[in-house]
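In order, the protein sequences belong to chains A and B.
Using our numbering, the letters of the first sequence map in sequence onto residues 7 to 784.
Using our numbering, the letters of the second sequence map in sequence onto residues 5 to 173.
Derived from the structure by calculation, the hints contain no laboratory data.
No residue lacks a Cβ here, since even glycine has one placed at the ideal position from N, Cα and C.
A couple of the hints might just be wrong.
[Claimed, not checked] Chain A regions said to be covered by chain B (calculated; three or more residues, Cβ under 8 Å):
#, region
1, 190–203
2, 247–254
3, 664–677
4, 692–703
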Amino acid sequence: MTGFIGTSVQRLEDPALLTGRGRFVDDLKVPGALHAAFVRAGHAHARIRGVDTTAARGMPGVHAVFTFDDLPRPLQDHPVPLLVPNPAIRDLRLPFALARSEVCFAGEPVAVVLADSRYLAEDAAEQVIVDAEPLPVAADVRHALDAGASPAHAGMAGNLAAHMTLAYGDVDAAFAGAHRVVQGAFFQHRGSAHAMECRTLLAQYDVTGEQVTIWAGTQSPHQYRDAYARVMGVGQHQVRVVAPDVGGGFGPKTVLYPEQLAIPACALLTGRPVKWIEDRREHFLTTYQERDQYWSGEMALAEDGHILALRGRLLHDAGAYLPWGLVVPHICAATVPGPYVLPAYRMDVDVVYTNKVPVTPVRGAGRPQAVFFMERMVDLAAAALAMDPAAFRRLNFVRPEQMPYRVGLTFRDGSATTYDSGDYPELQRRALARADWDGFPERQRAARAAGRYIGIATASYVEGTGLGPFEGVGVKVQRDGRVLLTTGAAAQGQGHATMLAQVCAGALGVTPREIDVKAADTGAIAYGVGTFASRIAANAAPAAHLAAGKVRAKALKLAAHLLEAAEHDLELQDGRVFVRGVPGHGRTLAELAAFADGVPGFALPKGIEAGLEDTTYFTPERASYPNGCHVAEVEVDVETGQVRLLRYVSGHDCGTIINPMCVEGQVQGGVAHGIGNALFEWMRYDEHAQPVTMNFGEYLLPTAPEVPEVEHEHLECPSPLNPLGVKGAGEGGTIPAPAVIAAAIENALAPFGVHVDRVPVTPDWLLERIEAAGGSTR
Amino acid sequence: MRGARPIDTEQTLQIAVTVNGESHARAVPVRMTLADFLRHELGLTGTHLGCEHGVCGACTVLLDGRSARACLTLAVQADGMDVTTVEGLADGDRLGPLQQAFMDHHALQCGYCTPGMLTTLTEFLRENPHPTAEEVRIAISGNLCRCTGYAGIVRAALAAAAALRGDTA
Chain A
7 MTGFIGTSVQ RLEDPALLTG RGRFVDDLKV PGALHAAFVR AGHAHARIRG
57 VDTTAARGMP GVHAVFTFDD LPRPLQDHPV PLLVPNPAIR DLRLPFALAR
107 SEVCFAGEPV AVVLADSRYL AEDAAEQVIV DAEPLPVAAD VRHALDAGAS
157 PAHAGMAGNL AAHMTLAYGD VDAAFAGAHR VVQGAFFQHR GSAHAMECRT
207 LLAQYDVTGE QVTIWAGTQS PHQYRDAYAR VMGVGQHQVR VVAPDVGGGF
257 GPKTVLYPEQ LAIPACALLT GRPVKWIEDR REHFLTTYQE RDQYWSGEMA
307 LAEDGHILAL RGRLLHDAGA YLPWGLVVPH ICAATVPGPY VLPAYRMDVD
357 VVYTNKVPVT PVRGAGRPQA VFFMERMVDL AAAALAMDPA AFRRLNFVRP
407 EQMPYRVGLT FRDGSATTYD SGDYPELQRR ALARADWDGF PERQRAARAA
457 GRYIGIATAS YVEGTGLGPF EGVGVKVQRD GRVLLTTGAA AQGQGHATML
507 AQVCAGALGV TPREIDVKAA DTGAIAYGVG TFASRIAANA APAAHLAAGK
557 VRAKALKLAA HLLEAAEHDL ELQDGRVFVR GVPGHGRTLA ELAAFADGVP
607 GFALPKGIEA GLEDTTYFTP ERASYPNGCH VAEVEVDVET GQVRLLRYVS
657 GHDCGTIINP MCVEGQVQGG VAHGIGNALF EWMRYDEHAQ PVTMNFGEYL
707 LPTAPEVPEV EHEHLECPSP LNPLGVKGAG EGGTIPAPAV IAAAIENALA
757 PFGVHVDRVP VTPDWLLERI EAAGGSTR
Chain B
5 MRGARPIDTE QTLQIAVTVN GESHARAVPV RMTLADFLRH ELGLTGTHLG
55 CEHGVCGACT VLLDGRSARA CLTLAVQADG MDVTTVEGLA DGDRLGPLQQ
105 AFMDHHALQC GYCTPGMLTT LTEFLRENPH PTAEEVRIAI SGNLCRCTGY
155 AGIVRAALAA AAALRGDTA
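Using the sequences and the accompanying hints, generate a full structural model.
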């Protein structure tokens, strides 16, 4: 049944993408399409007194210029809907499709120009005059809660969007009885996701004006369909969203943006197809990101090295709106306990509005920051007790015999955080062995003797993934014998089509290459949720497994009828059902599918359902918890502050692995993202909340020379939460990388006593710290 | 100055280019980029735009065999030149050796940066048939990939180099 699970099947996606035959939204040519360019706020906060579109409307090739007042009534009455509500939100602010009377971050869309080409639309957009009265800004989250701080929205009573406390156990008593207490304070910044393809939209109403098709570079086509239908007050059946090839996601394409309401509205208003392809400048300006967080905390320790309690505070810069609710800061607070037995815990979280781009998940979604906080605290604790950091972790790990392990918290899906499977000590043992942890002191002595500063560190993590509510897969044998697999599980490069085909193929006795996958089309399957929280393998793969199993059962039943044999005497192999021992006596899947399709006017035999097909939705009862242990070895050039990664080991447990090649690709790519967060990526704003890193020269992504080849150690502890035992693999590579790299830098610079209490660790900052520690190298 | 029209945005020029072996003579707006010309005039949408400021390398094509950013090149600048895009790298219906190596070594995920990686490496492997991993990394340091973490691309380039040399794997 599971013939292809666990093998590195080559990807079905690759041939088209390698020959320029991929179909991304901007590759789709629709006759008569108008091209949109948005007029965007130049101020981080301003009242809009008026928008003069006269000159723009007279420009060559321009068909229309729309502002808020031109929008269809529902879009004037309703903002972009909140997809993930949370009762802790005190004052919910959401953007409109086009700004109404106030703009709250630089780049917010104010008007949209529609023209015959993008060139002409941009020409005209420059001629739109926005009469804006600048308002005071909330630029720095550290001061946004001060008395008298400027509100991010005019008239708002304070910038506190929400306060949450996640807690369990008797924290104060634990601190009262502590042998030692260590304290730490940290700044973290993550930046933008920067998929190589920016956001994309193409909307077309049919001739009735009642049915719209939207091609979108989205991670959640069904969420988009439902939201647009809800806001416009039309039926879900009147909106079809299709995500064709999508050039990377990493989080920001999950959520809904004003442009996703504005562009189909433009198509409705003009009766023409409308295309909008975000450019990289707009992406820097407006695509949601993760940004500044300030963490502080203290850890109570017993004399024998056990952690007794942890308490802390997180100050989270949410930006101007809360389109994805409190998901990121909540995940932060819920992820902190990690792989450790932590008897008591309290985290106070302040979520604060500022006049900046909204913060929503970027690969890892708050988990990298939580792991950085916890692992840096653990390193401080180990140092305070003069213990080896790996041994300190081992002492405090949840033991495999404690699984399933209840942490004491509620995760973001509302379930009690319960680690489903894992062997943290064993995974650490393997990762340390692979990295030759024990041999490092000798390497470090030799390097120092040669005037080189090398360091090593380890970091462990547990991540909540595979969140519900469900994902579905339809499996249908077509009359030519090929299998059509439909799913709402949108892909942005992960290889979902291959992975689901692998799961399906074994059950149906075909090869993955005989399966066509039609994903992320709301016209092809009724429901879907979206690709986030590393949830597709744990939701869609079990659905594919179950649906394929039911189709197999149907095929056997049909064949039993046609062959006049008992089902238990039948075998399904190579696309054919036959009587065991009599290979000549059988029917191909194509013949069975044709039979199940029926003949007009003729009844199907009793008990036979129409169509050799099934659609199954799989609903996990709660999140699954992959985990990992990373080891990094780095070299710091104390003259330049440059950090080089010498070696990177990933110990990873994502449960059952369906395609090792794809999983290792996810980990490698995830680590690269984590390296960006650790060393390079910083979306900077000035004191007026104006973005100042607006291109790839000012905002650095990791390039090939900076990213080493990750060495992989896999430990497969199957999840009991689904029939395949899979967990999630999309984000684990990123999550511990900033923590382990920061700690390795600290280890390398031990002679200078430099403490790394922030990411990204930039060369200028590192040199300052070396000099401040009395280690001037100039 | 608002309303001013310093250049004639409507002006066109006649150009003749050979793209993947096929000749095209067209009148193109002088301000149209080569990338937009290839994608929207010729329908060769394999060339992707990732940044439109010359850093990400997704739009890299070969101009007379040399790699060039199609986002920073005007279509009129390609007049009289020979252009190779990702659509021109396959050997009929068969993947070329570099493309096959990309598939074998999982050198792509979303596939958006892939055309630029392939064109860049096509030029590089022609000039350096015996590269080291470090040299491959430097060769693609002007191409951003957000998905793969580059390791598969480096492995694929080394494997393709061996295949192109005729080494047995």
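Here is how each hint holds up against the structure:
1. Figure legend: the region 190–203 of chain A, annotated as covered by chain B; annotation consistent (5 residues with Cβ-Cβ distances under 8 Å, at least 3 required).
2. Under the rule that three or more residues need a Cβ within less than 8 Å of chain B, the assignment of the region 247–254 of chain A holds, with 4 such residues.
3. By the rule of at least three residues with a Cβ nearer than 8 Å to a Cβ of chain B, the coverage given for the region 664–677 of chain A holds, with 8 such residues.
4. Using a Cβ-Cβ cut-off of 8 Å, 3 residues of the region 692–703 of chain A lie near chain B, which meets the minimum of three, so the contact claim holds.
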